[in-house]
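Protein sequences, first through last, are from chains L and W. With the first sequence counted from 1, adding 267 to any position gets you my numbering. With the second sequence counted from 1, adding 5 to any position gets you my numbering.
If you are wondering where the hints come from, they were derived from the structure by calculation, not from laboratory data. Some clues are possibly wrong.
When the alpha-carbon atoms are kept at most 27 Å apart in a straight line, the in silico BS3-like pairs for lysine-lysine are as follows [claimed, not checked]: (1) W:K381 <-> L:K443; (2) L:K452 <-> W:K287; (3) L:K316 <-> L:K282; (4) W:K55 <-> W:K104; (5) L:K459 <-> L:K376; (6) W:K212 <-> W:K222; (7) W:K132 <-> W:K277; (8) L:K277 <-> L:K345; (9) L:K329 <-> L:K376; (10) L:K443 <-> W:K287; (11) L:K443 <-> L:K459; (12) W:K381 <-> L:K452.
On a predicted model such as this, the values are computed, not experimentally measured, just so you know.
Residues per chain are reported as follows:
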Amino acid sequence: MGLFGSFLSKFSRAKASIEDLDEFRRVLIESDLGVNVADQIIETVKREKAENLESAVTETLKSFLSTQDRTISISSGKLTTILIVGVNGTGKTTSAAKLAHHFKANGKKVLLVAADTFRAAAVEQLLTWGKRIGVEVVQGAENADPAAVCFDGATRALKDGYEILIIDTAGRLHTKSNLMDELGKVRRVVEKVTPIDEVLFVLDGTTGQNGISQAQVFSESVPLTGMIVTKIDGSTRGGVAIATEKALAVPLKFVGTGEGIEDFRPFDPESYIRELLT
Amino acid sequence: MFEGLSNKFSDVFGALRKKGRITESDIDATCEELRVALLEADVALSVVEKFVERIRQRSLEILPVIRQSTQQSQEIYGVINQELIAILGGAARRIRYAKQPPTIIMLAGLQGSGKTTLAGKLARFLKEDGNTPLLVAADLQRPNAVTQLSVLAESINVPIFAPEPGNGVGDPVRVSRDAVEYAREKLYNVVIVDTAGRLGVDAELMKQASDIRDAVKPDETLFVVDAMIGQDAVRTAQAFSEGVGFDGVVLTKLDGDAKGGAALSIAELTGKPILFTSIGEKLSDFDYFYPDRMASRILGMGDIQTLAEQAKKALDGDSAKRLEEKFVSGEDFTLEDFLEQMQAMKKMGSMTKILGMLPGANNAAMKKQIDAIDDKELVRTQAIVQSMTPEERRNPKVLNGSRRSRIARGSGRTVTEVNSLVDRFSAAQKVMKQMRSGGGMPKGMALPPGMGMPAAPRIAAAPKKKSRSGNPAKRAADEGR
Chain L
268 MGLFGSFLSK FSRAKASIED LDEFRRVLIE SDLGVNVADQ IIETVKREKA ENLESAVTET
328 LKSFLSTQDR TISISSGKLT TILIVGVNGT GKTTSAAKLA HHFKANGKKV LLVAADTFRA
388 AAVEQLLTWG KRIGVEVVQG AENADPAAVC FDGATRALKD GYEILIIDTA GRLHTKSNLM
448 DELGKVRRVV EKVTPIDEVL FVLDGTTGQN GISQAQVFSE SVPLTGMIVT KIDGSTRGGV
508 AIATEKALAV PLKFVGTGEG IEDFRPFDPE SYIRELLT
Chain W
6 MFEGLSNKFS DVFGALRKKG RITESDIDAT CEELRVALLE ADVALSVVEK FVERIRQRSL
66 EILPVIRQST QQSQEIYGVI NQELIAILGG AARRIRYAKQ PPTIIMLAGL QGSGKTTLAG
126 KLARFLKEDG NTPLLVAADL QRPNAVTQLS VLAESINVPI FAPEPGNGVG DPVRVSRDAV
186 EYAREKLYNV VIVDTAGRLG VDAELMKQAS DIRDAVKPDE TLFVVDAMIG QDAVRTAQAF
246 SEGVGFDGVV LTKLDGDAKG GAALSIAELT GKPILFTSIG EKLSDFDYFY PDRMASRILG
306 MGDIQTLAEQ AKKALDGDSA KRLEEKFVSG EDFTLEDFLE QMQAMKKMGS MTKILGMLPG
366 ANNAAMKKQI DAIDDKELVR TQAIVQSMTP EERRNPKVLN GSRRSRIARG SGRTVTEVNS
426 LVDRFSAAQK VMKQMRSGGG MPKGMALPPG MGMPAAPRIA AAPKKKSRSG NPAKRAADEG
486 R
């Protein structure tokens, strides 16, 4: 049963009572959609006649979501470069590996770059993943300048004819301006070699409203082209991803649902909304 | 830390403060704003409702009493402050050490909450306190978690027990049990067990955690929570509380702008105290959690106590004493001392972090100023001083044009910058001379960054060298004959 289903079926039979609306609002807020989004949905329910309710709520939900393309555009015969960014502990390295696996399964030649030279053993973590999925990993020395590692990776990707280059950057809290500057540098340096096609922001699905602020600040250093929301399981709804997409119009592209390399799928807004409403 | 939350509180109070006389409807309006502010700060909905209701009740109760008060908004503020402290845990609690060492501390939490980093920080913290901690790598799940902990252990010079390579290989329960045995044998007095992160719903991993718990019988099980967690905090805390059980909470990543609502939610919902906070990337960015400080911080009152403690820690005893002696003996404060102070300041963290702890740091104007501060200024200043010869540092008067241009080249700065540093330094030296002669700090004299005297103000005027009396009898008495 989706998040809205039981309420909508109730509301479409009879006019919603104040208690029911309060309860509905509570459920919405508890899924981390935020006060703003929750209020707009409640307004829709209050405004619409019972028979139009479902389509009206669908429209409201759609209006929150970006209309941009959610696929990663890959031009054949040319290198596609993807930068993975986000705060600490959201699952960047795991997502980078999952993404690499996703492309490899589609027959692409993929190169990973371990540009997290800051966290102890982060490079080894990606190397282990690389071995498991059979993808080459470019690494630098620990505490090496991440921009230099990325430069090496990009150069090598071009030279050896890779089709996809995925760069895993170090986690950084968005409030550290020096680290955000470093990210800007990584981008500038890579772009000297090859254009960056995608910057994917990794958002922890258990994050609250702070997620919006994270994405906001990151987008000031590197223009974000998409999001990956992670750690989504049966109970975590990751409503903040919707709130963030609404606030910044950055499309959610992938959803990470577990620890396995296959626990990763493209985000499909149509079926997401259908799921919520049933 | 908690900035967002305190911003909102500041806004709520700003509106209230403008009212001379507070009515019941003002309280209702304030409570409504407070409700939205707390929800946006990711405080769990049920906690928000209870908290706001308590505030409303108590405010309404005191309303008749404070009718005569000229600062009614202050009284309401007091109510909120008290309630915040009450929720955040009343008094801070310390680690409970076992009567029979070793004391066993087990860390549990969601994936990515920062357990492994925290294990390192906690070990360092306890070691500084005179303990002999042993780190145990029992996260055999996440790729290279064992390596990560080993690297951390090495950097803080703490032994690690890591018999298994991890990456899915090995039995964490056995590792933990063996570790305790090992600690007993080698007389380590604290054992810190880093376990694998798990999702709240993962029954299998939850079972593993409770198996570890049963095997080692920890004295403290600490639940590690990311300060940025949202409404999920409720479910997560409950899952861990039922699945593993915990005695205390550690909040991590508090240096972000997370509004930190999780702290309120978890403390209220589980009734367990928050023991520690982790506030930065350096292994030293770790401290006890102080509910009263946090409450005053949330309300925009600043965190002077933490600042003072950090200053004390950063200026190590010896150098502070040396500075004091210099000051008393009338020796000049040199650029060498200045350099030492700058290095101490750097140990305290970035300038922005330090200033963020000051009262009023959350109001918009002050925030803008703080944001405009360039933390690299300290680095540049240090580079200039380090490009000087020892003689130049001791006696800046020798700095002629050619020396200055050499220093500029050496430090990669311009001659103008070198000049301005030297000028500011001589001005500061003058100020210190005046202070020593009891003149106090002249008004409007600003010290260049890093030139304050953190440890010195206790000293009054230096004892003057006693002049010998012209009267032979009196001189004899003076000299104690």
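Q) Regarding the pair W:K381 and L:K443, is the alpha-carbon distance no greater than 27 Å? A) Judged against 27 Å, a Cα distance of about 13 Å means the pair holds.
Q. Is it true that the CA of L:K329 sits at most 27 Å from the CA of L:K376?
A. violated (35 Å)
Q | Agreement of W:K381 and L:K452 with the hint, judged by alpha carbon distance not exceeding 27 Å | A | Holds: W:K381 and L:K452 sit about 17 Å apart, inside 27 Å.
(Q) Next pair to validate is L:K443 with L:K459; report whether the Cα-Cα distance is within 27 Å. (A) The hint holds at about 25 Å.
Q: Assess, step by step, whether the Cα of W:K132 is no farther than 27 Å from the Cα of W:K277, and give holds or violated.
A: The hint holds at about 25 Å.
Q: Sort out whether W:K287 lies within 27 Å of L:K452, counting only the CA atoms.
A: Distance of about 22 Å is within 27 Å: holds.
Q. Does W:K212 pair with W:K222 here, judged by a C-alpha cut-off of 27 Å?
A. The given pair, whose Cα atoms are some 15 Å apart, holds under the 27 Å limit.
Q. Holds or violated: are the alpha carbons of L:K459 and L:K376 at most 27 Å from each other?
A. holds (22 Å)
Q: Sort out whether L:K345 lies within 27 Å of L:K277, counting only the CA atoms.
A: violated (53 Å)
**Q.** Pair hint outcome, W:K55 versus W:K104 [Cα-Cα no greater than 27 Å]
**A.** violated (39 Å)
Q.
What's the verdict on L:K316 and L:K282, does the C-alpha distance respect the 27 Å limit or exceed it?
A. The hint holds at about 8 Å.
Q.
Just to be careful, I want the Cα atoms of L:K443 and W:K287 compared with a cutoff of 27 Å; is the pair within it?
A. The hint holds at about 13 Å.
Hints 4, 8, 9, counting from the list given before, are not met by this structure.
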